[in-house]
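*Asks:* Residue-level listing of the chains:
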Amino acid sequence: MQKQPAVEIKQVTKVIRGRKIIDNINFSIYPGEVFGFLGPNGAGKTTTIRMIVGLMGITDGEILIKGNSIKTSHGAAMKHIGAIVENPEMYKYLSGYLNLVHFARMSDNVDKKRIDEVIELVGLKNRIQDKVKTYSLGMRQRLGIAQALLHSPDVLILDEPTNGLDPAGIREMRHYIRNLAEKEGLAVIVSSHLLSEMELMCDRIGVLQHGKMLGVQQVHELSSEQTQMVSFQVEPAEQAAIILRDMGSKKPQMKDDKVLIELTRDEIPVAAAKLTKEAINIYGIQAETKTLEDTFLELTGGKEIV
Amino acid sequence: MSKFIGLVRNEHMKTFRRLSTWILLGILLGMFILIAGITKYYAEDGGNWRQSSEQQVAELQKQAEQTEDPVYAASLQEDMAVLQYQLDNDIAPIQTDSVLGFMLDALLNCGPFLIMFIAIIAGGMVSNEFSTGTIKLLLTKTPSRFSVLTSKYVSMLFTTFLFTVAFLLFSFIVGVIFFGFDGLTASRVVLDNGEIVKESGLGALSRDIGYGFIQVAFYGTIAFALSTLFRNSALAIGFSIFIALFFPTISYLIARYDWSKYILFNNLDLSAYTPGNTPIVDGMTLGFSVVVMLVYFIIITAITWLSFIKRDVTA
Ligand SMILES: Nc1ncnc2c1ncn2[C@@H]1O[C@H](COP(=O)(O)OP(=O)(O)OP(=O)(O)O)[C@@H](O)[C@H]1O
Ligand SMILES: [Mg+2]
Numbered sequence: 001m002q003k004q005p006a007v008e009i010k011q012v013t014k015v016i017r018g019r020k021i022i023d024n025i026n027f028s029i030y031p032g033e034v035f036g037f038l039g040p041n042g043a044g045k046t047t048t049i050r051m052i053v054g055l056m057g058i059t060d061g062e063i064l065i066k067g068n069s070i071k072t073s074h075g076a077a078m079k080h081i082g083a084i085v086e087n088p089e090m091y092k093y094l095s096g097y098l099n100l101v102h103f104a105r106m107s108d109n110v111d112k113k114r115i116d117e118v119i120e121l122v123g124l125k126n127r128i129q130d131k132v133k134t135y136s137l138g139m140r141q142r143l144g145i146a147q148a149l150l151h152s153p154d155v156l157i158l159d160e161p162t163n164g165l166d167p168a169g170i171r172e173m174r175h176y177i178r179n180l181a182e183k184e185g186l187a188v189i190v191s192s193h194l195l196s197e198m199e200l201m202c203d204r205i206g207v208l209q210h211g212k213m214l215g216v217q218q219v220h221e222l223s224s225e226q227t228q229m230v231s232f233q234v235e236p237a238e239q240a241a242i243i244l245r246d247m248g249s250k251k252p253q254m255k256d257d258k259v260l261i262e263l264t265r266d267e268i269p270v271a272a273a274k275l276t277k278e279a280i281n282i283y284g285i286q287a288e289t290k291t292l293e294d295t296f297l298e299l300t301g302g303k304e305i306v
Numbered sequence: 001m002s003k004f005i006g007l008v009r010n011e012h013m014k015t016f017r018r019l020s021t022w023i024l025l026g027i028l029l030g031m032f033i034l035i036a037g038i039t040k041y042y043a044e045d046g047g048n049w050r051q052s053s054e055q056q057v058a059e060l061q062k063q064a065e066q067t068e069d070p071v072y073a074a075s076l077q078e079d080m081a082v083l084q085y086q087l088d089n090d091i092a093p094i095q096t097d098s099v100l101g102f103m104l105d106a107l108l109n110c111g112p113f114l115i116m117f118i119a120i121i122a123g124g125m126v127s128n129e130f131s132t133g134t135i136k137l138l139l140t141k142t143p144s145r146f147s148v149l150t151s152k153y154v155s156m157l158f159t160t161f162l163f164t165v166a167f168l169l170f171s172f173i174v175g176v177i178f179f180g181f182d183g184l185t186a187s188r189v190v191l192d193n194g195e196i197v198k199e200s201g202l203g204a205l206s207r208d209i210g211y212g213f214i215q216v217a218f219y220g221t222i223a224f225a226l227s228t229l230f231r232n233s234a235l236a237i238g239f240s241i242f243i244a245l246f247f248p249t250i251s252y253l254i255a256r257y258d259w260s261k262y263i264l265f266n267n268l269d270l271s272a273y274t275p276g277n278t279p280i281v282d283g284m285t286l287g288f289s290v291v292v293m294l295v296y297f298i299i300i301t302a303i304t305w306l307s308f309i310k311r312d313v314t315a
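Chains E and W, in that order, give the protein sequences.
The opening residue of the first sequence carries number 1 in our numbering; numbering runs sequentially from there.
The opening residue of the second sequence carries number 1 in our numbering; numbering runs sequentially from there.
Treat the hints with care, since some could be wrong.
Calculated cross-link-like contacts (lysine-lysine; reagent style DSSO-like; alpha-carbon spacing at most 30 Å) [what the hints assert, rightly or not]: (1) E/K10 with E/K92; (2) E/K71 with E/K125; (3) W/K261 with E/K125; (4) W/K3 with E/K113; (5) E/K79 with W/K310; (6) E/K131 with E/K79; (7) E/K258 with E/K274; (8) E/K66 with E/K183; (9) E/K92 with E/K66; (10) E/K250 with E/K183; (11) W/K310 with E/K71; (12) W/K198 with E/K71; (13) E/K3 with E/K79; (14) E/K71 with E/K212; (15) W/K3 with E/K133; (16) W/K3 with E/K92; (17) E/K131 with E/K113; (18) W/K310 with E/K66; (19) W/K310 with W/K3; (20) W/K310 with E/K212; (21) E/K20 with E/K10; (22) E/K92 with E/K133; (23) W/K310 with E/K20; (24) E/K212 with E/K20; (25) E/K212 with E/K3; (26) E/K277 with E/K258; (27) E/K66 with W/K3; (28) E/K251 with E/K277; (29) W/K261 with E/K131; (30) E/K79 with W/K3; (31) W/K198 with W/K261; (32) E/K183 with E/K79; (33) E/K66 with E/K20; (34) E/K112 with E/K133; (35) E/K112 with W/K3; (36) E/K92 with W/K310; (37) E/K251 with E/K274; (38) E/K113 with E/K183; (39) E/K10 with W/K310.
Keep in mind the hints are simulated off the structure, nothing from the lab.
Since we're looking at a predicted model, the values are computed, not measured.
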């Protein structure tokens with residue numbers, strides 16, 4: 001990914017009434033990728049998103065949207081952003097259509113045709129003339145997306161997009177988001193405290209806790225190329241441990257009649273061959289995939305997650 | 001510029017697509033019909049205005065002879081002078097059961113309701129966006145916070161104008177339906193500083209409506225500012241209406257202090273400078289009040305706009 005980043009967050013800090021809510025975070029999001037913003041309640045996800053879209057001031061640092069500083073050129077930066085911050089709140093006493101007309105008037109070059117196009121895209125055609133107060137949460141979520149996509153932005157920001165949706169709705173939302181990134185080349189930022197959901201939808205995940213960015217991980221890299229814990233059920237175990245001593249990055253461990261060792265995928269058959277050569281009886285080999293969940297728990301210290 | 005007009009249109013759409021706005025206009029119309037009905041019911045048989053004026057003069061004369069209060073006697077003398085002037089110069093007084101009389105009365109009695117209605121609308125314009133969370137969508141588009149707030153303010157002024165026009169139109173239509181067109185061009189005679197002044201009734205009405213608009217717009221500005229500063233519509237609406245209703249009493253109590261002329265609310269009603277009225281504090285002039293209003297306007301809007309542009313949005 002050597003493209004020009006769509007969003008750059010540079011050494012951003014936010015202090016509210018003397019409390020450091022966000023502490024010197026740094027990351028970039030590129031066109032065509034879905035970036036997940038993961039963290040427990042109160043980690044500072046919404047605060048960061050509010051700063052990206054200019055709802056909150058930045059105490060220190062800089063945020064660039066396609067090279068435009070949100071601080072100094074709000075208009076130029078916001079032209080590229082479509083966002084839903086927290087809940088998809090709309091004018092309830094207006095129809096879905098008038099809500100879109102309202103936001104179309106606030107943007108450049110959004111004509112009637114584009115409004116109809118977006119309505120079609122989110123599948124609200126049949127109910128668009130009804131008042132928003134008669135909409136279900138899922139329909140409001142769709143209208144929120146329609147509003148965010150109206151001016152064809154390059155960056156889509158969704159704070160907890162699946163909040164309150166049923167499983168079918170979540171699947172559909174995931175599909176939407178992947179589509180927008182892959183087919184339309186949008187940079188998408190989503191936040192969530194549900195890891196399982198993020199794993200299915202994101203290309204990269206940044207883990208935030210207590211206002212600090214603990215790390216950014218490539219989702220697929222994590223599940224295939226990284227090391228994983230492999231357990232060998234062998235006989236005699238002690239001897240096997242000695243044979244495997246110089247493999248993997250860490251020392252093998254003994255547990256009952258099993259030997260546990262951290263290996264990459266490619267090292268597993270090599271280790272098995274070694275054991276066979278030394279006439280060790282192998283009864284079973286089990287790779288315990290280290291999931292994002294584990295990484296997440298490791299990174300955030302497990303206990304403190306609400 | 002076309003974008004700014006779009007923003008104002010948005011605000012208008014939000015005001016006039018709300019049922020509550022139409023209910024306020026409905027209440028206004030209902031009030032006029034009620035007052036016109038009562039006026040018509042109790043109106044004395046028209047007959048001859050000269051006879052009734054002569055009768056009144058005689059009655060006032062009797063009272064003046066009996067009273068020992070010199071202030072009261074003086075006011076009776078003034079009333080008599082007006083009646084006598086009308087009789088001598090053959091100027092029919094404006095009848096309460098004529099369309100012109102009804103419109104003048106409506107303005108005097110229902111004007112405060114106009115303040116209340118505009119305070120209700122202006123006091124919710126910004127704070128409602130915060131309480132519903134829609135402010136987040138409003139401020140994450142290309143228009144600057146300055147344009148967003150200014151478009152809301154312009155829309156508020158325009159709504160005030162529309163309500164004032166509706167006020168005039170409703171009272172005219174109701175007046176004509178109940179009392180016909182008679183007496184539309186009647187003249188008004190008032191005593192101003194001991195001198196008789198004769199003015200056209202319609203002229204006085206349009207001048208008072210104009211001053212009324214300024215007063216209502218300023219109360220709207222106050223409600224709008226509070227709504228923006230405190231992001232709370234109940235507070236903004238409540239405070240504005242409270243001041244509009246109770247300040248006259250407070251004002252009367254502190255009128256003997258010269259500094260009270262610098263209080264904004266003592267300067268909002270410019271009709272105090274029209275013939276037949278006296279300002280709250282001696283020595284106040286129309287020019288003085290206009291300057292005081294301008295100074296307050298600049299301070300209030302500067303604080304309001306600055307706060308809206310600078311503060312974090314946490315809704
Ligand atoms: N306006 C504010 N004043 C003071 N503290 C605030 C304010 N807004 C947020 N915070 C604090 O900042 C921290 C981060 O809040 P934020 O809403 O960004 O968390 P989050 O990651 O979005 O959490 P959640 O998963 O619950 O949505 C919290 O500790 C919160 O109490
Ligand atoms: Mg949040």
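*Asks:* Take the hints in turn and mark each one as holding or not.
*Replies:* We went through each hint and held it up to the structure:
no. : hint               : verdict
1   : E/K10 with E/K92   : violated (37 Å)
2   : E/K71 with E/K125  : violated (37 Å)
3   : W/K261 with E/K125 : violated (60 Å)
4   : W/K3 with E/K113   : holds (19 Å)
5   : E/K79 with W/K310  : holds (21 Å)
6   : E/K131 with E/K79  : holds (28 Å)
7   : E/K258 with E/K274 : holds (16 Å)
8   : E/K66 with E/K183  : holds (19 Å)
9   : E/K92 with E/K66   : violated (33 Å)
10  : E/K250 with E/K183 : violated (42 Å)
11  : W/K310 with E/K71  : holds (11 Å)
12  : W/K198 with E/K71  : violated (62 Å)
13  : E/K3 with E/K79    : holds (20 Å)
14  : E/K71 with E/K212  : holds (22 Å)
15  : W/K3 with E/K133   : holds (28 Å)
16  : W/K3 with E/K92    : holds (24 Å)
17  : E/K131 with E/K113 : holds (21 Å)
18  : W/K310 with E/K66  : holds (24 Å)
19  : W/K310 with W/K3   : holds (22 Å)
20  : W/K310 with E/K212 : holds (25 Å)
21  : E/K20 with E/K10   : holds (16 Å)
22  : E/K92 with E/K133  : holds (5 Å)
23  : W/K310 with E/K20  : holds (19 Å)
24  : E/K212 with E/K20  : holds (10 Å)
25  : E/K212 with E/K3   : holds (26 Å)
26  : E/K277 with E/K258 : holds (18 Å)
27  : E/K66 with W/K3    : holds (23 Å)
28  : E/K251 with E/K277 : holds (21 Å)
29  : W/K261 with E/K131 : violated (50 Å)
30  : E/K79 with W/K3    : holds (14 Å)
31  : W/K198 with W/K261 : holds (29 Å)
32  : E/K183 with E/K79  : holds (20 Å)
33  : E/K66 with E/K20   : holds (27 Å)
34  : E/K112 with E/K133 : holds (23 Å)
35  : E/K112 with W/K3   : holds (16 Å)
36  : E/K92 with W/K310  : holds (28 Å)
37  : E/K251 with E/K274 : holds (16 Å)
38  : E/K113 with E/K183 : holds (21 Å)
39  : E/K10 with W/K310  : holds (22 Å)
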